[in-house]
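Once you've looked at the hints, go ahead and assemble the two chains, each given alone in its own frame, into the complex.
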Amino acid sequence: MTELTTQKEATLAAIAAAHTLDALEELRVSTLGKKGWVSLALKTLGTMPPQERQQAAPAIQAIRAEVTDALTARKDALEAAELEAQLANERLDLTLPAPEAARGSVHPVSQVMDELAEIFADMGFAVATGPEIEDDWHNFTALNMNESHPARAMHDTFYFPDRDAAGNRMLLRTHTSPVQIRSMVSQGAPIRIIAPGRVYRSDSDATHTPMFHQVEGLVIDRDIHLGHLKWTLETFLKAFFERDDILLRLRPSYFPFTEPSVEVDVGLEVVDGRRVLGGDGNAPGHGWMELLGSGMVNRRVIEFAGLDPDEWQGFAFGVGVDRLAMLKYGMDDLRAFFDGDVRWLNHYGFSHLDQPTLSAGVGAGA
Amino acid sequence: MKFSLTWLKDHLYTDASVQEIAAALNRIGIEVEGIEDPAEKLAGFRVAKVLTAVQHPDADKLRVLTVDAGEDDPLQVVCGASNARAGMKGVLGLPGAVVPANGMELRKSAIRGVESNGMMCSVRELDLGDEHRGIIELPDDAPVGTSFAEYHGASPVIDVAITPNRPDCMGVYGIARDLAAAGLGTLKPIAIPRFETKGACPVEIRTDDPEGCPAFYGRVVKGVTNCASPDWLQQRLISAGQRPISLLVDLTNYLMLAYGRPAHVYDLAKLTGAVVARRANDGEQVLALNEKTYTLDGSMTVIADERQVHDIAGIMGGEHSGVSGDTTDVLLEIAYFDPARIGATGRALGLTSDARTRFERGVDPAFLDDGLDLLTALIFEHAGGIASEKVHAGAPPAEPKVVAFDPALTARLGGVDVPEAEQRGILESLDFKVSADWQVTCPLRRHDIEGAADLVEEIVRIHGLDKVASVALTRADGVARPTATPQQAMERKLRRAAAARGLNEAVTWSFLPTADAEHFADGSELWVLENPISEDMKAMRPSLLPGLINDAKRNLDRGAEGLRQFEIGRRYFRGQGGASDEKPTLGVVLAGEKAARGWASGKATKFDAYDAKAEAMALLEIAGAPVQNLMVMGEAGAQFHPGQSATLRLGPKNVLARFGMLHPATCKAFDIDGPVAAVEIFLDAIPPRKGGGSFARSAYAPPSLQAVTRDFAFLVPAGLAASELVRAVKGADKVNIVDARVFDVFAGQGVPEGKKSVAIEVTLQPQQASYKDADLKAISEAIVAAAAKQGAELRG
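Protein chains in written order, with this note's numbering: chain A, 7 to 372; chain B, 568 to 1363.
Just so you know, not all the hints are guaranteed correct.
To be verified - Dumping the calculated DSS-like pairs for lysine-lysine here, alpha-carbon to alpha-carbon at most 30 Å: (1) B:Lys755 with B:Lys569; (2) A:Lys244 with B:Lys1060; (3) B:Lys608 with B:Lys576; (4) B:Lys1060 with B:Lys1034; (5) B:Lys1034 with A:Lys244; (6) B:Lys1161 with B:Lys1120; (7) A:Lys334 with B:Lys1060; (8) B:Lys1034 with A:Lys334.
Since the hints were made in silico from the structure, they are not lab data.
Extracted from the complex, chain B is given alone in its bound form (with noise of 0.2 Å):
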């Protein structure tokens, strides 16, 4: 909300500069979101007197000037407006000077060789208006020489931020009752200009809606002239960032502006019949000041006559009924309406108004007589007319609230030591009655006092939140105690693993265009959006990779050769009662080159499946996972290889990762080139560590022998899974064998069609004596027997 200085001082005797009321209206929580001096643009133009106008020796339309600018001697400016003559006062430019409606600095020059020393301005110029057609022309009166910021009452203008729960500030008066009550002045009572009544009111006025229109109060004033307004009004109306339109729609501005009250006016000529507040009927239409049409229905109250809405209740007046330059006769409303009703209206048919903002938030149900009266003397004053009596309908809430309040409570809330008697002095400053036993009687236009909080509220920032001392929170004794819950500590390594191995964290969103979240999770398990702010981010994420796909994408797009991204972050799904179950998920993306070709190794290599198990299977440990009893599985998903792809499981049913190669459909689907190695690790499923809050390891038992190892190599099934024949092996016996390892796979020449070699290397470990000769035999034999029944046999 903006307002000039002049017009705070309407309202507030103050000598307080605009930077010392800037700091106080900070202070007191009415944040200043700028404040800006039309004085500084118009530096430099002056009120200026043309003495002589001739032609230009060498341009039909120019005209050479000499103007009277306050200087000893006159000035000669060349000057294209058609209006510029002799005699006339108007608006001088002078050399330094920068015009503020496009920024140019003016110069001493020369036109056409002639020299000319200032511009003389237009309306548009001087960024006051639209006007361009000549030069502006001031009244005779007006002092040559002065500068014209001073003539025009330039007044610096203040920019505040008014929050939801201040409708009462949202008027300049309610701003300079705060500033009173803080110090910066004195706040003038309300002056309500005498004005003459005469007969009743010849309209009916009616509530029939009491709920959503507790009081409807009116007038009619017939006889008025509805021309342009007068300069004081246009200047505040500007310097708040309206544009004037009409007397009488100025006037009504006006009231809202300075007084933070809405009301209407109605041109008489266009009602029938009585006037009454009712619901609309479902389906009933009216066409509003904006020039939209809106449908209305049974849950919003509108103001009517017998034939049609003539206004969508304290949101927009409708077009029909609205003044113009014709209207003579008006009727004035005043109204109070139900502040949920007003938002709930407002929010269905999607209008904003200022009038809906402040109904919305609540007016002052204090105000309608005197708003009421106060806007009929405007009009008397200026428009002049003859105004009947009022009409009461109905009334408006009157019951004020009383709190009671312990003067301690300041301090144990607010942190701050202030005296009664200013505590008190305070509240009354603020128009709250205290009585004797602390009950404080709040204004009727305080709708935001809740309870005693709020009163603390007011007394402390008005006695200054500067004065609140800081105070240290009470510490537990010794040093800090560890914060972060397992999964807390479990994601902080993770990441700062994942880093340590070479990938890059993403952050991506947490929505997706819907066909990406459909390829990777039924389309009926998503949550999507019912807003969302594009196609694109639409449906949340089932999966990681989506996201961190795309990223991938984009960033080859860009010309990236090789991409290793990873993600912690949350996969959304249905949950319990309709809640969202969102799963702890890490995600990794390599895709591009693994290794840019190189002087040593030659042509670039590509990720591979196994470099997508090497990052499952290292941060799977680095998270606690037992991978030493991880099955290798499959039913990866659609979205990856069928024949390079896998699950890691601990059990048949619990998948604790997925990895391996993108299908070329899913890369088709995010128009990547291939191949992508993906893994995701579903860390909800990884079961707590056991052995929890010890420290201490297990004793350290190094073998006293020292281990042995064996090279066998087997002929199996091609289809044979190597950790099949290497769990075989190692099961040939428990105690001797340590570790068995593959460190050859052959298929092709001296293997025969559908085998293939694989070479096991085991390691033994002898326990109480070395091994014989016969002991190594006996586990050979039990080896080659165990892997026999894999259908594995031993190479010659």
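The shape of chain A in the complex, shown without the other chains (with noise of 0.2 Å):
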């Protein structure tokens, strides 16, 4: 038995100074293998009488368990360090840039109109649309501006050269106001629309673009007046530039499609040089500034359209979609607008996310 003792004496040794799993492989079968000499120990027992057997079969027992575990554990030991040693020479620079996606973004113009479809969804309004290419009666006569109307030389307008079948002068709609009447020919009364998209207007400067947005709104119903007109827009400029303290100061005003015409001003406060709508234009370091153009339909216009003026009145209003963006997101340059540089984009895009929803607010915040 001492034997034995020594001899594992010994093999726990060797197997602590074992440095790789080839010689940790090299003693487990020298010990534990068929001809090793723990095998061979455990043969003996079979020849040994019993009572011989009974005392030296633990004893083995307990020693082959020990070099077992010796095994085990010096191996996991090696295992751990190779896969240490491995790992250490797969490190990799992670301040290295990742792949990066591309970043995409929606046009100011088509958030502002996102916005706005979502405000007066609420109230009720929905969004008709028209052609942008339109003939002279829908953009001009059937708005109470005939021929001669000094209104019409004012508007600046492209033209085609060609007729439609009627006759009619085809051009570029210079405002969104044909779509009230084309809405009210084809969904009669009572309506409650807005109508953006692209107007053209030969001017171009610093603050005019050959092409812009504007956004018509129109309700027409038995009992619509001025008062409506007020509320729905307070009610919009506030829902827009989400703040309480807009307000507004109407003014008398003329356009041929409306009477009573009312031109709006809405109240703003100059700060380090920016214009942010809000308070009293009449407070100190305040001002007015004009916004939008609106009021009542005019009689003939419903006439036009195909209604009887006598049952059904309304307002209508349109206001320029870019200016509305450029007041609440803080651009200056109207022209930067149509000039797809992708740094501007990219600075006043909006990112796929940015929904406008009435719950999380339609506005986008910086």
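Structure (structure tokens):
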């Protein structure tokens, strides 16, 4: 037995000293292998008389267990060391940049149009559209601007040499108002719509581009009056700018397609050279800015659209979409809207996730 | 239109400040665009008397003055003007005053060693005119020490915008009338100074065109002196932004600016025979006062004598008979012209004038006789002469409009309750006559009043728009209902999907240079503007790609490396009945580098046709197109690389999209460095989604048995489209084969000439029971047989 014990000690020492998995495997074979000394010792049990065997067996089994444990432990240790060494070799410089996905953006005009659709949907307005290449009947005549009306000349109209089958001159619509006519003709009354879209004027400088965007609003019903117009514009602007202190100043004005006609100024404060909407325009440091044209739809327009003006009345308004975007989001050059400069688009554009919703707020924070 | 406060007060008794007046003007619909106070510009300038003037010790051209400016002690001032002399009175700018002409602030200084305490000023330096030959010389009675602004009668100038419906406010008097109605003061009656007339008018006056010129009134004044205008007149014209010319011209301008009444003065010596309003002869010419010659036609009304045209009626006088300093005898013309004809003539000639603006919108038909008398009286008063009797040819419209009004309409339309007595009072203050039963007779000058709604506007604007209370629109029960049409919902979704895919949305011009448009469409189909703002903005786009390509080029020129831009907008085509057909479209352009060179990826990579296909397929799927059923076909268009472009179709005719690489010729035409990939999706061609309205998805039924995959490598003719092989494979067993996809395409070593190797992974879905060897063998054989029909043979 002492011989076995000595051998065990020697083996345990050898296991502890083994530095490679191969050396450890050799040790396993020479101990626990078929011809290993532990296996051979176990085999001797069979030839022993029962009494002796009873005594020797637990001892040899214990040795076997001890050696097996030592082998396993050493193997785990060697494997762990080896993995560690391998991982050490796999070190990456994670300060290097990761692959980048391209970042897209939504144009401010689209964003603001989505915001308008959301706000006006809550007030029951659907979104209507119409052609941009219009005829002069829809763009002018039906809006109470006949051929000789001086206001026609003030529109800086782009004309085509073409005429439609009815002999009307074709042109690029100068405002979104012809959609009023088309919507009333096709849907009748009552009606509540907004009509956003491209409009065109032959005009180009820092604040005018030959193409820009407008949104038209139209409400026709039996009992609509100026008070409803005022409420609608106040409610819309408060929701759009997300400020409760938006104050409007209504001024009598003139548009051929409305009577009475009202121009709408909004109070603002000049903060660090920037115009911030809100507050009373008459307060110190404040002013008024012309923002919208509006009025009660002229009864001749209602007639042109095929409705009975003694039964139906309502209001209409129009406002520049690009202008609203500039006032809300702080751009100062209209021309940049249509230049497609990717730096500008990345700077002023919106994430696709900035979907305007009433619950999250229609505006997208800076 | 500009006028000074002093001028307004010629016609309105009021104590209101200029701010109060401006606020009232805004309130009643006369928009104030600005207020300029010359007194502010002239602060620090005083009437001063030169006491002594001696030569500067060190400068030949300078003098040293002592000046009394009302201070205790005289001030010493150095002055360079040759007319500076002892005893004269002038204008002294004190230290701290800012010279209006150049913005320079005056300081106490030493000029060549001599102290100077201010500056004696010229007319030009004070921005009062062009005169700069010497310093201003004031009359002896000018009070020394008073502010020059006060002495000069400087008065705040109000600049207003008059809407085109209110020609009656295109004169200061009309504005005063509106202000009086709004409670800002009392309107003064028009005072016509007395003058004597002697004899009949020696000139025959006729209107042979009663349509274009219903009324032509005139008279002759002989023996006038056409000198410079008096100060009061010059000041008023200057405040209106007009340059004084000569007394006779200035007086007609004054009549127009003060009373909205254009008139014309002819030099009688230049006229021959009867003066007649008639139609022009075709081709007849006239040299107008703006020194341009106009060729007229038979639609235009003119004033002519026996020899020639002297006036493009109501628009501009002729040079020949214009008055000059030598004029002694004049013919005055006050006429009423048909507004529509004036507008048409002005547009046809491209000629605008202050007179046209007023006649076109409608002058007061009731102010011909008074206007003529007023002009005569002013000429008599300032230029002397002897006036003849008036001549009346024709008569202006005299039938007033009568509107049956219901005072309840004010609340119904205007949203504000105004007591009936107040409504009546407002209308009467604006010269409307209101009968007991509310028949409202309009003043003739109010051409803008068409009906009851206009009267509501009059009442509400004078009563105060600010008194209209906000009233909420009625609201449908429950939460707001969705309003977007399927088309709108699709576009909104697509826009955000494209942005999520890394594309930047651009908004490009709807119009293109014609050449760019023609590159993408047949020129005869294009909508081309008659009056473009520039040649670069002339043809309406037949495709979204030219705008996006130009966009990409500009960005690349600015140093951008990679461009991924898209736009959702319309393409413009010819539609039914001469109308337009505007097709909603999504365009994508991918240009420059797809990925910059990188530490891991190596060299920069460019976009290829598969990038374009990826965008096309992904966006079509978002748009609701049945992408599984799309066919990849050719004919993307000549703008595309013939071998690297395709159309995506639903059936052989319905093209939903085109995509691929642009043709090198396209890149060259647009001067952009290729390769450029592009996509155009025709949103109107996408069929509406089926099963609309239902939210529930079909039942979830995952297969209970696991699918298995098998790989097949085929040798196929090099020209065979991979999709043909895949379709054949899928068709081999429609029950078991649920998917087949190409995972390797190879040609070259080991593959015979004219062939390529295409490897396909087929996914098999067992139905009732797991596959046995025999099942798999049968399916494999069916696949190989189906592929063989496409000329494919299984690789060994």
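Right, here's what the structure says about each hint:
no.	hint	verdict
1	B:Lys755 with B:Lys569	20 Å, holds
2	A:Lys244 with B:Lys1060	27 Å, holds
3	B:Lys608 with B:Lys576	22 Å, holds
4	B:Lys1060 with B:Lys1034	44 Å, violated
5	B:Lys1034 with A:Lys244	20 Å, holds
6	B:Lys1161 with B:Lys1120	15 Å, holds
7	A:Lys334 with B:Lys1060	23 Å, holds
8	B:Lys1034 with A:Lys334	29 Å, holds
Checked against the numbered hints above, the structure breaks only hint 4 and satisfies the rest.
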